[in-house]
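Trainee: Numbering-wise (full-length UniProt numbering), the sequence shown opens with residue 1 and increments by one.
Mixed in with the good hints, there may be bad ones.
As the list claims (entries may be wrong) - Below, simulated DSS-like cross-link-like pairs (lysine-lysine); rule was C-alpha separation at most 27 Å, straight line: (1) K89 to K67; (2) K67 to K85; (3) K89 to K128; (4) K111 to K89; (5) K309 to K67.
What the hints assert, rightly or not - Label-pair restraints from in silico Cβ distances: (6) S132 to S198: 40 to 46 Å; (7) K309 to F105: 22 to 28 Å; (8) T26 to L196: 33 to 39 Å.
Source of the hints: derived by calculation from the structure; they are not laboratory data. Quick caveat: nothing in here was measured; it's all calculated off a predicted structure. All C-beta atoms in this analysis are idealised placements derived from N, C-alpha and C, irrespective of residue type, glycine included.
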Amino acid sequence: MSSPQALEDEQGGGDPPRDLRSVLVTSVLNLELLDEDLFRGRHYWVPSNQRLFGGQIVGQALVAAAKSVTEDVHVHSLHCYFVRKGDPKVPVLYQVERTRTGLSFSVRSVKAVQHGRPIFICQASFQKAQPSPVQHQFSMPTVPPPEELLGHEALINQYLRDPNLQEKYRVGLNRIAAREVPIEIKLVNLPTLSQLQSMEPKQMFWVRARGYIGEGDMKMHCCVAAYISDYAFLGTALLPHQWQHKVHFMVSLDHSMWFHAPFRADHWMLYECESPWAGGSRGLVHGRLWRRDGVLAMSCAQEGVIRVKPRDSKL
1 MSSPQALEDE
11 QGGGDPPRDL
21 RSVLVTSVLN
31 LELLDEDLFR
41 GRHYWVPSNQ
51 RLFGGQIVGQ
61 ALVAAAKSVT
71 EDVHVHSLHC
81 YFVRKGDPKV
91 PVLYQVERTR
101 TGLSFSVRSV
111 KAVQHGRPIF
121 ICQASFQKAQ
131 PSPVQHQFSM
141 PTVPPPEELL
151 GHEALINQYL
161 RDPNLQEKYR
171 VGLNRIAARE
181 VPIEIKLVNL
191 PTLSQLQSME
201 PKQMFWVRAR
211 GYIGEGDMKM
221 HCCVAAYISD
231 YAFLGTALLP
241 HQWQHKVHFM
251 VSLDHSMWFH
261 APFRADHWML
271 YECESPWAGG
281 SRGLVHGRLW
291 RRDGVLAMSC
301 AQEGVIRVKP
311 RDSKL
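Given only the sequences and the hints, what does the whole structure look like? Please build it.
Mentor: Right under this line is the structure:
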């Protein structure tokens, strides 16, 4: 992969202010080295369900794996399983195993541990750059640019100004507004309340890391994208059902990612999410992360447990 510096004109979107260093780099993905291939990670944002955010674990595991390979290789895929509930009250230890170091490809296995037991396992594969005449990709969806869309905070404020908004939704929106999430989101094709009863299991939103990351190691941008990729992802499978059911229990089971082209995680990218199937108290979601210039930067897939309860009243 080429340096993110060469992407600034291609990907579009200016840098965030450089005096606001991304908390994802300075805190969330800044692991403490304890011993060779052994790291400790701490938490920045804990979801309201008081479980560790899956994207944080994926991102920190990829940071640990990337520290065990040379600078001339870059991650092209990772495959993860969430095996136990994470405890937000204690740090996470990341143990890296150098499974294979080859001439073109290298594989690293990472185990995330709390209270002496694994909560997460991951294998990441790294590759040296290899040009190939075999190239193709899907076309990026045509959507309004992020500059024409409301930000997350402005959108919530717009809903809160609606005098007809039910109190239970007002409470929920205020709770969402109070979260200190280290990423920015702008929803595309936002549904009205009346459209919530006929939604497809698809959504798109512009996303980027808050703050400035800069033209650093491409591996760090991939680690930030790993964090971002899990946000609101599994919820795509609930979109056609949310007017009838509310979530009782929803957690990720596994998460896979494939990196295709270099990108800047602190520049706006379009996240295209869809759920081709749900059943058996599980949901499957697919995602594609697009650069603004139409280049497909990353693909991902996830399956998770989704258990619901019927709503007392319809929306």
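Trainee: Against this structure, judge whether each hint is valid.
Mentor: We went through each hint and held it up to the structure:
no.: 1; hint: K89 to K67; verdict: holds, 26 Å
no.: 2; hint: K67 to K85; verdict: holds, 26 Å
no.: 3; hint: K89 to K128; verdict: violated, 38 Å
no.: 4; hint: K111 to K89; verdict: holds, 19 Å
no.: 5; hint: K309 to K67; verdict: violated, 43 Å
no.: 6; hint: S132 to S198: 40 to 46 Å; verdict: holds, 43 Å
no.: 7; hint: K309 to F105: 22 to 28 Å; verdict: violated, 46 Å
no.: 8; hint: T26 to L196: 33 to 39 Å; verdict: holds, 38 Å
In terms of the numbered hints stated before, the structure departs from hints 3, 5 and 7, listed from lowest to highest.
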